[in-house]
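Student: Listed below, chain by chain, are the residues.
There are 2 protein chains.
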Amino acid sequence: MVPLAATARTTLKRLPKRGSYDRAAMYRILDEALVCHVGFAGEGSPVVIPTAYGRSGDTLLLHGSAAGRMLRTVAGGVDVCVTVTLVDGLVLARSAFHHSINYRSVVIFGRARVVDDAEGKRAALRAITEHIVPGRWADVREPHAQELKATLVLALALEEASVKTRSGPPLDDEEDYTRAVWAGELPLRVLPQAPVADARLVVGVEPPPYVRAYRRPGSGSV
Amino acid sequence: MVPLAATARTTLKRLPKRGSYDRAAMYRILDEALVCHVGFAGEGSPVVIPTAYGRSGDTLLLHGSAAGRMLRTVAGGVDVCVTVTLVDGLVLARSAFHHSINYRSVVIFGRARVVDDAEGKRAALRAITEHIVPGRWADVREPHAQELKATLVLALALEEASVKTRSGPPLDDEEDYTRAVWAGELPLRVLPQAPVADARLVVGVEPPPYVRAYRRPGSGSV
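Keeping their order, the protein sequence lines are chains A and B. No gaps in the numbering here: position 222 of the first sequence is 281 in the numbering used here, and each next residue is one more. No gaps in the numbering here: position 143 of the second sequence is 202 in the numbering used here, and each next residue is one more.
In isolation and in its complexed conformation, chain A is listed as follows (with noise of 0.2 Å):
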C-alpha cells in the first residue's frame, strides 16, 4: 500500500520512533476505534467533539444531523483534524517520571468533502453502521428519504495522516531497576457485557450472533 503523506502537519517531531506512516497499520487502528475526535476552528477558538465514523476504503466518513453545529462547519471545508485513540494498557514503572500509557492513534487532516448523492449517503451510513455493529445492516429498516435527507454525511480523505504507538514494558532509568517495586504493564480492553434487551421487544426475540458474540477486529479488543 502507498504510505501516508508526510507533511509538515504530519511529521512527528517528538518521539519519532513511536511514529509511522504505515497505512495498513492505521487502517487497523480505525478499524477497531469506535468513536474518533474532530477538531476545527470554530467561531474562533479550537473546537473538539466525539462522534462515531466508519472507513471505506482510504475514506473516513462521518455523520451527523443537518442542524448540527459540527458537521455543518466542518462541512463548510474548513482544515480539520480527525483524531483516534485506542487505549491499550498502563505502564508501571519504578520512577513516577517513566510511568506512561501503551496506546496506539491515528491523526488526519484535511478538508472534508459533503457526501450529498442519496446512493452515496446510503452506502456511508452503511459502512458506519458496519463499523459500529458488524452485521447489523441487514437487520435493520433502512433509512428513507426523509431520514437521508435530515443525515449530513461528509467523506475526509485518508492521505495526511500519520500513526503513533506505544507499547511494551516501561523503560526506566538503569539504577532504578533494583528497586524492589512491582513494575510492568497492565492490559486494558474494552469488552463487552450482556446484552439489555429493550422493554418493547416482540416477544421471542432473541439477541443475534453479531451482538452475543461482540468483538471488535484486530487485538482481541473488545
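Treat the hints with care, since some could be wrong.
The list cannot tell twin chains apart, which means a pair is met if one copy fits it or any two copies do.
[What the hints assert, rightly or not] No more than 20 Å apart at the CA atoms, straight line, and that leaves these computed lysine to aspartate or glutamate pairs for EDC-like:
#, residue 1, residue 2
1, LYS208, ASP231
2, LYS76, GLU219
3, LYS208, ASP232
4, LYS208, ASP175
5, LYS208, ASP176
Note that these hints are calculated values from the structure, not bench results.
Given the coordinates of chain A, work out where chain B should sit on it, guided by the hints.
Tutor: Coordinates of chain B only, in the frame set by chain A:
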C-alpha cells in the same frame, strides 16, 4: 457546587436535553476517563492530540515533554479545547437511523497556564499519576530536579465547560416497534486484564492490590 459557565462556546445547540453544566457530573467523568483529546491551532490548522491528565479540584492538569510541540504551543496561552469521552455502550435500534452510542463527554474551553514552581509541578505530577493508578505515587521514585525541569506542566481551569451524555434504550419511530428485530443496548466496559510483570522485576515482588484489583472510579467500568 457552582455550575459551569454557559458561554457562546459551551451553549449546547444540538440536542440540548443531553447536555448540562453540572460540575459534579463533569468531575465524575473526568475522574473515570484515562485520556483527553487536546485541540489547538497549530501553525494555522487545528491539531488534536491525545494525552493523559489529572484533576486537582477545579483544575485540569496536563504534562509532557518540555521539548514537545503540543504542550509548548498550548503553554503559549492560546485557546484550547480539551474533550474527554467515555463510551458506555452501543444502542441498537430497529432502524439504521436511530442507532446511537451511549456516552458521557466533557468539553472544556480556556487557556492553560504554565505551572513552573517545583512544588506545584511535583503536586501536579502526583495528581496525574494518582489519576491513572490510584495508590501508585507512594511506591515509586519521585521525580528528581532534572526530571521536573524536563517536564512541562499546564493547568486549565474547569470553568467554561459542558457535559453531554446519552444513556438508555433506543428510541425508535412508533411504527418500527412491531419489527421482529432485536433492539437494545450492548454495554461496553474497559476492564483490566492480567498484569504483565516486567522482565527485570526484582525477584519475589508481587503486583500490589491497586494493580490486582484495578478499577476506575464510577460506573463499575474499569
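Student: If a hint holds in the structure, say so; if it does not, say that too.
Tutor: Hints, one by one, checked against the model:
1. LYS208 - ASP231: between (56 Å within a copy, 18 Å between copies)
2. LYS76 - GLU219: Within one copy only: 19 Å inside, 37 Å across.
3. LYS208 - ASP232: This pair counts as between: shortest inter-copy Cα distance 17 Å, intra-copy 58 Å.
4. LYS208 - ASP175: Result: close within a single copy only, 9 Å intra versus 52 Å inter.
5. LYS208 - ASP176: Close inside one copy (10 Å), not across copies (55 Å); limit 20 Å.
Of the numbered hints given earlier, the model fails none.
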